[in-house]
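K.L.:
With these hints in hand, go ahead and build the complete structure from the sequences.
Protein chains: 2
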Amino acid sequence: MRKIDSIDFFYLSMPQIFDIGDGSQDALLVRVTAGDRLGWGECEASPLTTIASLVCPMSHSACKPVAASVLGERIERPEDIAAIHRKVRQNSMDLLQADHALSGIDVALWDLLGQIYEQPVYQLLGAEKAYPKLPYSSLLFGDTPHDTYLKARHAASLGFGAVKFGWGPFGHQGLQHDIDQIVAARDGLGQDRILCVDAGTVWGTDVEEAARRLDVLKACQVTWLEEPFHTHALRTYHALSLRSGPVKLAGGEGAHNEYMAQQMIDFAGVGFIQVDTGRIGGITSAKRVFDHAQASGVTFINHTFTSHLALSASLQVFAGSEEHRLCEHPGQLSTLAYKLTPEHLEPDANGEIRLWERPGLGIAPDLDVMKQYLVDTTITVSGKVIYRTPVL
Amino acid sequence: MRKIDSIDFFYLSMPQIFDIGDGSQDALLVRVTAGDRLGWGECEASPLTTIASLVCPMSHSACKPVAASVLGERIERPEDIAAIHRKVRQNSMDLLQADHALSGIDVALWDLLGQIYEQPVYQLLGAEKAYPKLPYSSLLFGDTPHDTYLKARHAASLGFGAVKFGWGPFGHQGLQHDIDQIVAARDGLGQDRILCVDAGTVWGTDVEEAARRLDVLKACQVTWLEEPFHTHALRTYHALSLRSGPVKLAGGEGAHNEYMAQQMIDFAGVGFIQVDTGRIGGITSAKRVFDHAQASGVTFINHTFTSHLALSASLQVFAGSEEHRLCEHPGQLSTLAYKLTPEHLEPDANGEIRLWERPGLGIAPDLDVMKQYLVDTTITVSGKVIYRTPVL
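Protein sequences appear in the order of chains H and F.
Under the numbering used here, residues 1 to 392 are what the first sequence spells out, in order.
Under the numbering used here, residues 1001 to 1392 are what the second sequence spells out, in order.
Some hints could be false.
[Said to hold, decoys possible] Derived pair list, reagent style DSSO-like, types lysine-lysine, alpha-carbon separation capped at 30 Å:
{"no.": "1", "chain 1": "H", "residue 1": "K371", "chain 2": "F", "residue 2": "K1384"}
{"no.": "2", "chain 1": "F", "residue 1": "K1248", "chain 2": "F", "residue 2": "K1218"}
{"no.": "3", "chain 1": "F", "residue 1": "K1087", "chain 2": "F", "residue 2": "K1384"}
{"no.": "4", "chain 1": "H", "residue 1": "K248", "chain 2": "F", "residue 2": "K1087"}
{"no.": "5", "chain 1": "F", "residue 1": "K1339", "chain 2": "F", "residue 2": "K1129"}
{"no.": "6", "chain 1": "F", "residue 1": "K1384", "chain 2": "H", "residue 2": "K339"}
{"no.": "7", "chain 1": "F", "residue 1": "K1339", "chain 2": "H", "residue 2": "K384"}
{"no.": "8", "chain 1": "H", "residue 1": "K3", "chain 2": "H", "residue 2": "K87"}
{"no.": "9", "chain 1": "F", "residue 1": "K1371", "chain 2": "H", "residue 2": "K384"}
{"no.": "10", "chain 1": "H", "residue 1": "K248", "chain 2": "H", "residue 2": "K218"}
{"no.": "11", "chain 1": "H", "residue 1": "K129", "chain 2": "H", "residue 2": "K339"}
{"no.": "12", "chain 1": "F", "residue 1": "K1003", "chain 2": "F", "residue 2": "K1248"}
{"no.": "13", "chain 1": "F", "residue 1": "K1384", "chain 2": "F", "residue 2": "K1003"}
{"no.": "14", "chain 1": "H", "residue 1": "K87", "chain 2": "F", "residue 2": "K1248"}
{"no.": "15", "chain 1": "H", "residue 1": "K384", "chain 2": "F", "residue 2": "K1384"}
{"no.": "16", "chain 1": "F", "residue 1": "K1339", "chain 2": "F", "residue 2": "K1371"}
{"no.": "17", "chain 1": "F", "residue 1": "K1087", "chain 2": "F", "residue 2": "K1003"}
{"no.": "18", "chain 1": "H", "residue 1": "K384", "chain 2": "H", "residue 2": "K3"}
Hints were generated in silico from the structure; no laboratory data involved.
P.N.:
Rendered as structure tokens:
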């Protein structure tokens, strides 16, 4: 019987982290081994806090370190991953960060299973073929509307058929500034490309503040308004959805389990559900959300703002669907996140992205790059070292 | 202007942690200072992981360490605590464990504000007086129905008018075992006392498995069935609530923000909402849930399975209500959790509990006991010590 022999978490970081909405400035890589096979995953999470959740001493029967429910478990078939999921969620029910740790482990286990079966993950998930996706370039708003205009023109010149702007000053400098930003984005992009706007939960639970942007969003034919509110504010989302007309609401990246995303589908009135495989519980949970979205007439889209290893993991989930065609493509990766994989999922001449037809995720991180950005970390409890950066 | 000068987290633990559902085996205490005033709080959370969330390096603008949004902030009025809440939730949106860290900090800030105003926290929350509460003793099911019978008799002999059994073997040994356990609890307690049952989310999302216990729950006049399912499984809760008749559903301890608890009230059909002040975002978030519960005709009850410092914090939230009368009273505290406070909130001759009429929480932890159980912890990142157990 093949069992999980090791789980290693690697904390990587750019030399300096800036106070901007760029989630690719650090990374938490997961390496799992079982016999002679090895899998890689990535958590979209605070590296240090997630490492602590992997190795912390047990507090009680429902607050155990995540490693306790993974090490030594059987890994031969997809059902084994589902069983590990159940075990982690039961044994670490009161350990909040556990969902983020599980996410990267789950991705690594699917990659490992792909190595065993010599199949891409999407095939293990039951899909016969991987359909190409239409990537939208995910960009931060410029500091000024003119900066945003230039960014939009640049994205259009790269051939992206869809662009999303978010974060930066948006929502922080008043209504007129937001109107100017959206108009500038549309101007830079031209009329034929898809434009989306990401508000980064800036309006909390304030429906009226969000609603004041609806006119310009409609006039600029914005496809979706993403995260106007806190992920959990279902009623607030729903209230805005009744007034947003052709501008659909989108959200879900904050979901750290499939239930949260399912509730956004069921109760929040979203037209697009965006989950991050590196947060929601990995490929296993993301696939369950995809199934529920498909059954509910809601469009599934990945949320990815990190490396192309994470991007591959995200796309495996809905690669088998021809219908759910858009995908997020992180457009401003840090050097670390870009160099982490030796190849990248870039748009082809049709502006489309295709997954690698190789086992598992189809890509492994570059170990030399990992070594270069590795953050040396040690955690000592009662005189005993319970975590030390593992050897690569 | 009075500002927050320091936040210190102290990891305490029994010498040995057992793999049982007793959440009082370790503790995470929070000390906050502002000028010449000091406040104490407690997180109901994995100590090491929560410490990491306080001090971790920033990942990006929405994934900052919790301390970054608290240190140096103004603390003069209740509104200042609400402002700190907003700041933490915005700056640490992608740091999952942040809600648990915020919870203990929030409690400590209310305690500190009570020291400044020389008022109990419940008065700062707007209540004129603190009504006594009827405590139910919260006990683990015995290993056998006979053990449970003896525990129930003992609780009755101590004068408790209400007892809740949960966890232990319940839900893990088949239907007949669960029936025998519930019958034994009722037999031991006699007919006149309130009996509640806590399933500890054991049935996941399986309505039918839970429904098989409804007959015995009804026959034994069980007041509520707690946590039959995962906290996020709102539809599953709702489906069972339509069949449970006089046995109300209860839940909410897993909520780590007020939205989650509000959704259980709005969508899950619960009759009782139970939030843990040490997890949900402290007294601030718990009070918002109380207000929503009261407006919705749902009964609010604290979830408390740790020290009497945490118990005092929980009770401040709804002390001003005569109507919401039941409260959880942890009945099997570890030596650490029991000795942590020099006094305890024990039932009086009427079987009722009354808060201390003293500033803040009305109690501070015993520093000698803290020293005795303190767990020496060090976290080093890139050669720099970012956390070391603070001096008491």
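K.L.:
Next, verify each hint and record whether it holds.
P.N.:
Quick rundown of the hints versus the structure:
| no. | hint | verdict |
| --- | --- | --- |
| 1 | H:K371 x F:K1384 | holds, 19 Å |
| 2 | F:K1248 x F:K1218 | holds, 10 Å |
| 3 | F:K1087 x F:K1384 | holds, 27 Å |
| 4 | H:K248 x F:K1087 | holds, 28 Å |
| 5 | F:K1339 x F:K1129 | holds, 28 Å |
| 6 | F:K1384 x H:K339 | holds, 26 Å |
| 7 | F:K1339 x H:K384 | holds, 26 Å |
| 8 | H:K3 x H:K87 | holds, 15 Å |
| 9 | F:K1371 x H:K384 | holds, 19 Å |
| 10 | H:K248 x H:K218 | holds, 10 Å |
| 11 | H:K129 x H:K339 | holds, 28 Å |
| 12 | F:K1003 x F:K1248 | violated, 45 Å |
| 13 | F:K1384 x F:K1003 | holds, 27 Å |
| 14 | H:K87 x F:K1248 | holds, 28 Å |
| 15 | H:K384 x F:K1384 | holds, 18 Å |
| 16 | F:K1339 x F:K1371 | holds, 12 Å |
| 17 | F:K1087 x F:K1003 | holds, 15 Å |
| 18 | H:K384 x H:K3 | holds, 27 Å |
Taken one by one, the earlier hints fail for this structure only at number 12.
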